[in-house]
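Protein sequence lines, in the order shown, are assigned to chains H and X. Per my numbering, the very first residue in the first sequence carries number 26; after that it's consecutive. Per my numbering, the very first residue in the second sequence carries number 26; after that it's consecutive.
Worth flagging that the hints you see were computed from the coordinates, not collected in a lab. Hints may be right or wrong, so weigh each one.
20 Å max Cα-Cα, derived EDC-like pairs, lysine to aspartate or glutamate [to be verified]: (1) Lys87(H) / Glu131(H); (2) Lys135(X) / Asp28(H); (3) Lys87(X) / Glu131(H); (4) Lys135(H) / Asp35(X); (5) Lys135(X) / Glu54(H); (6) Lys135(X) / Glu64(H); (7) Lys38(H) / Glu32(X); (8) Lys135(H) / Glu90(X); (9) Lys135(H) / Glu131(X); (10) Lys135(X) / Glu90(H); (11) Lys38(X) / Asp106(X); (12) Lys87(X) / Glu64(X); (13) Lys38(X) / Glu67(X); (14) Lys38(H) / Asp28(X); (15) Lys135(X) / Asp33(H); (16) Lys38(X) / Glu115(X); (17) Lys38(H) / Glu67(H); (18) Lys135(H) / Glu67(X); (19) Lys87(X) / Glu115(X); (20) Lys38(H) / Glu131(H); (21) Lys87(X) / Glu67(X); (22) Lys38(H) / Glu115(H); (23) Lys135(X) / Glu131(H); (24) Lys38(H) / Glu54(H); (25) Lys135(H) / Asp108(H); (26) Lys87(X) / Asp28(H); (27) Lys38(X) / Glu64(X); (28) Lys87(H) / Asp28(H); (29) Lys87(H) / Asp106(X); (30) Lys38(H) / Asp108(X); (31) Lys87(H) / Asp106(H); (32) Lys38(X) / Asp108(H); (33) Lys135(H) / Asp28(X); (34) Lys87(X) / Asp33(X); (35) Lys38(X) / Glu131(H); (36) Lys135(H) / Glu64(X).
Okay, the calculated bits of chain X under chain H, using three or more residues with CB under 8 Å as the criterion [said to hold, decoys possible]: (37) 82-91; (38) 106-117.
Backbone N, C-alpha and C define an ideal beta-carbon position, used for all residues, glycine too.
There are 2 protein chains.
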Amino acid sequence: MIDIRLEDVDFQKSGGLVPVVVQEATTHEVLMVAFANREAVEQTLRTGYAHYFSRSRARLWKKGETSGHVQRVRSILVDCDRDALLYIVEQTGVACHRGTRSCFTESLIKSASGEASRA
Amino acid sequence: MIDIRLEDVDFQKSGGLVPVVVQEATTHEVLMVAFANREAVEQTLRTGYAHYFSRSRARLWKKGETSGHVQRVRSILVDCDRDALLYIVEQTGVACHRGTRSCFTESLIKSASGEASRA
Chain H
26 MIDIRLEDVD FQKSGGLVPV VVQEATTHEV LMVAFANREA VEQTLRTGYA HYFSRSRARL
86 WKKGETSGHV QRVRSILVDC DRDALLYIVE QTGVACHRGT RSCFTESLIK SASGEASRA
Chain X
26 MIDIRLEDVD FQKSGGLVPV VVQEATTHEV LMVAFANREA VEQTLRTGYA HYFSRSRARL
86 WKKGETSGHV QRVRSILVDC DRDALLYIVE QTGVACHRGT RSCFTESLIK SASGEASRA
């Protein structure tokens, strides 16, 4: 595993943000996807707890800041293009605001015709 | 697991694209992150093989179209905001163009001072 530094991450490709995949360290379940700017990743590295950037609220947030469902970050992996991150976390409580462990609970299906429908 | 349809996916939030996390069905390894537009997801549903939208080349692409390292998609999960997808795949060969199974092979570390550095 090669070690790289924050200045090597490409935040410019998506206007200052990178997508972050969040995977539970023990169960390997993919919990959520969020976005982070440089400051959010810095806060994550500094505190050891997952921080993101909310696109809708246009602000930094710490996961679990109100719910208490924080994510202790064991490691942060960077992809080959250095424009996406993978947080390996220990999740306290549940990741999803709806009360489910993961945010991914719905299944995308073809429409009844057997073809993907066009709205 | 609730079934939803393509017209329920929010492609507008990120200008017609959604981030797609790709996880290996058997090993549960996170292989890569890519982006998809509606057409890429339609092609994935129709053919059973992972398709994405390349932001740099501005075109639809089938994973493995040149390398043969295709991804058979077992299921597509949608997150609670319906603006991110999770492809559960059977990976032929390796996911990364560098020859590694996963694109996530580098580890982000703090700089030597113990604080995240500012470039």
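(request) Give me the numbers of the hints this structure contradicts, sorted from smallest to largest. (result) 1, 3, 5, 7, 8, 9, 10, 14, 16, 20, 22, 23, 24, 25, 26, 28, 31, 34 and 37
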